[in-house]
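Taken in sequence, the protein lines are chains L and C.
Numbering that gives the first Met the number 0 puts the last residue of the first sequence at 185; the count rises by one with no breaks.
Numbering that gives the first Met the number 0 puts the last residue of the second sequence at 185; the count rises by one with no breaks.
Read the hints as simulated data drawn from the structure, not as lab findings.
Treat the hints with care, as some may be off.
Listing some non-contacts, in silico: residues in chain C with all C-beta distances to chain L over 12 Å [as the list claims (entries may be wrong)]:
#, residue
1, 62
2, 78
3, 88
4, 95
5, 96
6, 101
7, 114
8, 131
9, 146
10, 157
11, 163
Pairs of lysine to any residue residues, derived as SDA-like cross-links and limited to a Cα-Cα distance of at most 20 Å, are as follows [stated by the list, open to error]:
#, chain 1, residue 1, chain 2, residue 2
12, C, 119, L, 112
13, L, 153, C, 38
14, C, 180, L, 119
15, C, 153, L, 138
16, C, 119, L, 107
17, L, 153, C, 126
18, L, 119, C, 114
19, L, 153, C, 95
20, C, 119, L, 117
21, C, 153, C, 70
Heads up, the beta-carbon is just placed ideally off N, CA and C, and yes, glycines get one too.
Number of protein chains: 2
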Amino acid sequence: MSRWEPDAQGRLERAALELYLERGYDQTTVAEIAQRAGLTERTFFRHFADKREVLFRGDEMARAIVALLEDVPPSVAPLDAVGVALESWSEFFDDRRPYSKNRQAVIDANPALQERELIKLDSMATMIAAALRDRGATESAAALTAQAGVAVLKVAFQRWLDDPSNQVLAVHIRAALAELKAVTQA
Amino acid sequence: MSRWEPDAQGRLERAALELYLERGYDQTTVAEIAQRAGLTERTFFRHFADKREVLFRGDEMARAIVALLEDVPPSVAPLDAVGVALESWSEFFDDRRPYSKNRQAVIDANPALQERELIKLDSMATMIAAALRDRGATESAAALTAQAGVAVLKVAFQRWLDDPSNQVLAVHIRAALAELKAVTQA
């Protein structure tokens, strides 16, 4: 078998999610995920540290958001800059809405996965805060803006998952950001 | 040994923290914590589910905050009501600042404890959001306000721990809340 596998990451993600839905997360092994994807366990571990990690691209998303923040003009207020960076992920998620719904159902049913999700989001907030400090924000302004940005993402993502009219994620991010501004100014 | 132990919860908390600092969290057993506190393991498990839980009163704090929110007049804006409820915990923490610093050092050094802390804070946000919906907030306004409130608590708590002038926690909560309003209005 060739060491190079086309879209091995995506195949492993889809195989894992199928098995988690069919048998349950606890009952699924890495060997079974690799087999379902037609790949080896070694290939699995080249892409993911464990069977929790296969559902998360949180680090990838956080790194991309930080990179995007560097390109937002300094004149844009920090929270709006975070909003712009978050919105840039809309297309990625809009293209995988059914996968995302199934993925969230599996996470919501498994405390171990909920923990991992919270850690990913907290790590994302820490990375965004560091990027905002690089843009000149004070330590606490950066921390509060980053936490607020992640709160916007959480609320927007849930509304996007539940949205019967299938509006794109960017619309929900803008709405949640506007609502956060409203509740903090009330 | 009597089944009733004066301040068993506090003795177990202090004994656990001492051992975590002396030997490390991973190297400490529940049996050792109970022994150090002069209590039985059975007493430990009447107060805490496991050796992670002994460092957290998160559920107790969340329940108290929800109860306080019910007493804040409806005319107070939701985020300010959360601020008032959070401030009411200042005295509890101000009375145990050295304990809190040691506790945070242990948590920061142990991923398993960081996970538990994130879960406690997320659970607190969920409970605060439910209380805000009872006050009439919409689902997303309640979620965003609750997440923002918990972000204020996180930032304020860290600043309180690091504060060389030992100002009370309430001062840091008010400052973080004002700063959150500033960054969302910029």
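- Find the nearest Cβ of chain L to the Cβ of residue 163/C and say whether that gap is larger than 12 Å. Non-interface label stands for residue 163/C: nearest chain L Cβ at 15 Å, farther than 12 Å.
Q.
Please verify whether residue 119/C and residue 117/L have alpha carbons no more than 20 Å apart.
A. 11 Å, holds
### Message
Would the hint linking residue 119/C and residue 112/L be met if the CA-CA limit is 20 Å?
### Response
Given pair residue 119/C, residue 112/L holds - Cα atoms ~15 Å apart, limit 20 Å.
message = Holds or violated: residue 153/C and residue 138/L, Cα atoms, limit 20 Å.
response = Roughly 13 Å between the alpha carbons, so the hint for residue 153/C and residue 138/L holds.
Exercise for review: Run the C-beta distances from residue 157/C to all of chain L and say if the shortest one exceeds 12 Å.
Suggested key: Non-interface label fails for residue 157/C: nearest chain L Cβ at 8 Å, not farther than 12 Å.
Is the claim that residue 146/C lies outside the interface with chain L correct, judged by CB distances over 12 Å? 3 Å, violated
* Closest CB of chain L to the CB of residue 95/C still more than 12 Å away -> 23 Å, holds
Query raised in the report: Is the Cβ of residue 101/C more than 12 Å away from each Cβ in chain L?
Result: Residue 101/C is indeed farther than 12 Å from all Cβ atoms of chain L, at 22 Å.
Query - Restraint check for residue 153/L with residue 126/C, where alpha carbons must lie at most 20 Å apart - result: 16 Å, holds
Given pair status - residue 70/C, residue 153/C, alpha carbons within 20 Å
Between residue 153/C and residue 70/C the Cα gap is close to 23 Å, so the pair fails against 20 Å, i.e. violated.
ask   = Taken at face value, is the distance from the CA of residue 38/C to the CA of residue 153/L at most 20 Å?
value = Violated, at about 43 Å.
inquiry  = Just want to verify: residue 114/C was marked as not at the interface with chain L; is every Cβ pair farther apart than 12 Å?
reply    = 5 Å, violated
The earlier numbered hints that this structure contradicts are 2, 7, 8, 9, 10, 13, 14, 19, 21.
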